[in-house]
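Read top to bottom, the protein sequences are chains A and B. Going by numbering that gives the first Met the number 0, the first sequence opens with residue 0, and the numbers climb by one from there. Going by numbering that gives the first Met the number 0, the second sequence opens with residue 0, and the numbers climb by one from there.
Heads up, some of the hints might be wrong.
Claimed, not checked - If we take Cβ atoms under 8 Å as the criterion, some of the chain B residues that face chain A in the derived model are:
| hint | residue |
| --- | --- |
| 1 | S38 |
| 2 | T57 |
| 3 | T61 |
| 4 | G103 |
| 5 | M107 |
| 6 | P141 |
| 7 | R180 |
| 8 | L214 |
Derived by calculation from the structure, the hints in this document are not laboratory data. Note that the structure is a prediction, hence the values are computed from the model and not measured. In this text, a Cβ means the ideal position worked out from N, Cα and C, and glycines have one as well.
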Amino acid sequence: MTSMAARLRSIPSWQITLGAALLGLGFLIAAQLAAQGPRVRYTTQERAPLIETATQLQQRQDQLKARILELRGQIQANEQTSEGSAEQVRQLNDQLQQARIAAGLIPLTGTGIVLQLQDSQEPVAPGADQADYLVGARDLRSVVEELWAAGAEAVAINGERMTPTSAVIDVGPSILVNAAYLAGPYQVSAIGPDDLYARLSASPGFVDLIRTRAQGFGIQVSIAEPEAVDIPAFAGTVTLRYARPEPSPGASP
Amino acid sequence: MRRRRNQLTIAAVTFLLGVLVVVQLRTQASGAAFAGLSSQDLTVLVANLDDRNDQLRTEVATLEQELGVLSQNTARGDVSVDELRADLRRVRLYAGIDPAMGPGVAVMVRGPIDGSGIEDLVNELRNAGAEAMSIDDVRLVPGVVALGAAGAVTLGARQLGDTFTLDAIGAPDKLTGSLTRPGGIIAQLSATQPDVSVEVTPLERIGVPATDRQLVPSHGHPRL
């Protein structure tokens, strides 16, 4: 009888363990199946090596960008300790700092807004194009253009600074900005005047964008007005290969 | 005996659990970002990433060289005024503070085009490696955008006419090719805005003026 009682006590403990483990297992199998079933299924054999290559290239890019920022920091520190004709060097360093800010090479913080765009959750209407329900490069470009027009002074998409050479293009259902491949949700951060939000929402172009994309296809747009907006530095190439400085200004052929 | 079987069952289930946790995490880490991309999209993506990483590598090399010269000067006790000037010229040229000159294309646009059509052209040129651009002598820098319906397009503070020239410095063949390729931006424009004609001329030498815009923000300050 005593052994029976002992068994009764011991059974629940392993059953609970097993039960909990099986529950976890069930969740994971479901999650795994859901993760493997994207919107469209593709043959896995040819995709696997491509995904691996893309992942490696993306990691390599992150390292290169970090290295660029590190080197720029070291160059700047070195330039600022440069001695000699102190006044001349000081002036040059001041000009360099202003030029770097203008070029987007310095991270900024200030007043502004952050817009978030997310793919639509609505079912695709019969006969409609599925791509219309996704956030596209054209959507992000429109938002950025409207922000500039509303008085923004610095803009970044998911941390990618908008510079004079920034392009925003579609790659399948996702988006390439500068050198980086971005996936949604997309956050467009902008530094600008206190009334940036008011100016943006008063723009006919922005109102039109919201009407066609948010109301028309269910693209989710939300706007936040944090106390301070941080915009990172551009971690890309500023060395031009074809353009050269022109001694006399404005001499177009 | 029974106890042993229980233990084995639990061991087997926990093992499977562990494997699935790892698989799931890996799927989410790498696969999720690329979910929904076909093999064709992935090929384009890989080519793009490869190309752009090369550009970043070149920039790293340039910066390493620059830092090397600066460090040598400092070690020798020399002043680096020449290096400071060169750095300043490079950054000002990129930012659009100084006028630029180089090979490129002149894109002549005639007809009632809308603001987003112009921005599509500009974006396409940037994607093809355009380094400096202007529309009718207005340098295109961040903040200068073409907006509005056809016939009422503004470029910054300025009204844009029905005929204008978009100048871009870069590799002329690459810039021309990206605009004129089948299914490219000009083909798309002629479908959506048939009254607009776009003519691309490769040039060995083209000038782009400096911006007259204040590029240093007044509402943001450097973050340390």
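Hint-by-hint comparison with the structure:
1. S38: Interface hint status for S38 (chain B): holds (5 Å vs cutoff 8 Å).
2. T57: holds (7 Å)
3. T61: Check passed: Cβ of T61 (chain B) comes within 5 Å of chain A, closer than 8 Å.
4. G103: holds (7 Å)
5. M107: Violated. Min distance 13 Å.
6. P141: holds (6 Å)
7. R180: violated (14 Å)
8. L214: holds (4 Å)
Of the numbered hints stated above, those contradicted by the structure are hints 5, 7, listed in ascending order.
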